[in-house]
Amino acid sequence: MTSPASAQAPAAAEAVVEVRDVHYAIGGREIFRGLDLTVRRGRITAIMGPSGGGKTTLLKLITGQITADRGSVRVFGQEVATLGRRGLYALRQRLGLLFQNGALLTDMDVFDNVAFPVREHSDLPETLIRKLVLTKLQAVGLRGAAPLLPAELSGGMARRVALARAIVMDPEVLMYDEPFVGLDPISLGVILRLIKQMNAALGITSIVVSHDVQELAHIADDSYLLLDGRIAAAGTPEQLRTSTAPAVHQFMSGNAEGPVAFNYPALDYATQLLTDTDD
Amino acid sequence: MTSGGRNNYLIEGLRRLGSVAIFLLQLLAASVASLGRPGLLVKQIYNAGARSLIIIMLSGLFVGMVLGLQGYDLLQRFGSEQALGIAAALGLLRELAPVITALLFAGRAGTALTSEIGLMRATDQLTAMEIMAVDPLRYVAAPRFLGGVIAMPLLTAIFSLIGLYGAQLVGVQLMGVDRGTFWSQTQGAVDLHDVSEGMVKSVVFGVACSLIAVHEGYHAEPTAEGVGLATTRTVVASSVLTLLLDYVLTAAFL
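These protein sequence lines map, in sequence, to chains A and B. Under our numbering, the first residue of the first sequence is numbered 1, with each subsequent residue one higher. Under our numbering, the first residue of the second sequence is numbered 1, with each subsequent residue one higher.
Source of the hints: derived by calculation from the structure; they are not laboratory data. From the three backbone atoms N, C-alpha and C, an ideal C-beta is built for every residue, glycine too.
Restraint ranges, calculated between C-beta atoms of paired labels, are given here: (1) 264(A) with 54(B): 52 to 58 Å; (2) 38(B) with 201(A): 37 to 43 Å; (3) 50(A) with 7(B): 39 to 45 Å; (4) 245(A) with 15(B): 44 to 50 Å; (5) 148(A) with 232(B): 31 to 37 Å.
Listed next, the stretches of chain B that the computed footprint assigns to chain A, with coverage defined by at least 3 CB atoms under 8 Å from CB atoms of chain A: (6) 122-128; (7) 131-140.
Keeping only pairs whose Cα atoms sit at most 16 Å apart, straight-line, the calculated EDC-like set for lysine to aspartate or glutamate is: (8) 60(A) with 178(A); (9) 60(A) with 130(B); (10) 196(A) with 215(A); (11) 60(A) with 124(B); (12) 43(B) with 107(A); (13) 196(A) with 221(A); (14) 196(A) with 172(A); (15) 131(A) with 112(A).
The shape of chain A in the complex, shown without the other chains (with noise of 0.2 Å):
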């Protein structure tokens, strides 16, 4: 199995988030046991693990969501955990989430959305909220869509107005939660070239946290495998594919058996079967 500490990141790039040996876990489930992550500036990170594996937990430690149970998180260099709400909020205004669903706020249309955190966070007159909204929403293809609502746009649509909505403010870091999940392949392709050119045309550092390992091997630069609530693998996707691991192996190639529970634990097969009740 390839250590996390081979993560073949150059050693320049300043790390902008450091998880070190976190722990958590929800309702008596254990979602991580001794997580370790550094996501370096200006690169694309994914993480990759299978459904239900903590990535989205993972985006709530990095944005103050939640708290770890043991362990630390660091986000530019302040540990999460102990940022009250205004620091919190402060170290918010540095990142951006683009949701899976999108989360567009539902009473207002598509420019409005865009514009919102704009308004919120900054006294600027409206003509440069507008060119600056404008612009934003140009470069997700979507300059034409400002006047409808949410409910009138498709979920791919929707999402590209949230990550319009994410990088308005110029975040250092984007986070993406499944951002590939049920989008047709012309979509698909488009939030693929969106990720890519945020990171290389705004230096904006990227974590894409995904199960669909084909998609993150042509834009990530460092990749970890999130299994059993540890990082199971890290380093390029290119060394993730070749690892020999057999954990690795399986999730990188989609094999239901391995090592990897595919199976929710169950009685046997054929005694289940032949028994009338399940008592």
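Dock chain B against chain A, hints included.
Below, chain B alone, put in the same frame as chain A:
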């Protein structure tokens, strides 16, 4: 029921009460800040108040008309049907207008508030605001709470007015009570104390109903079923609490 089960119910009840009390304090703190955003507040006063106008006015009219009929029937047995104006005015101002307005408010505006906020929670909109460093308590909850608190006395006043008109409609136009007697008796009997009793009640009901509606929505389970349950709880809790508080306030005023 076992005593263990009873204890659990008691603890759960106390826990809920505590969480509502803490939420009220947070809301009041956030309300101070949201007073600086008149745009948001006006929109919510419109949502809770103006949009409830039709139902409040219609109900007020019918309640007043029933009051006119019943009052006339009762009073004419004692030959004192001229007192109809007093009976209707006092009944409406002190009791019927604040209580019925609060019950209607819980059903119309309260449910709308709960389901709206609950759905915002279920679709991650509240979390998205948190992530954008915008406090949803300040942006979403406080303006809706304040909007309800401000709208309730206004709606109550309108209910009283229309109700009195309805009673006059039946008493004077239909049953033939003398118009001059009706109004002069009313004017003579109603004093500021009666009006303020109704207004104090309506403000208290406004706080209670808005608090319950916003609290239930804000803490709703983020599922379709959870939002539905929260909406039901809003109506039930608001109605029962309104009637309970009404008794307490009436006793305090007498």
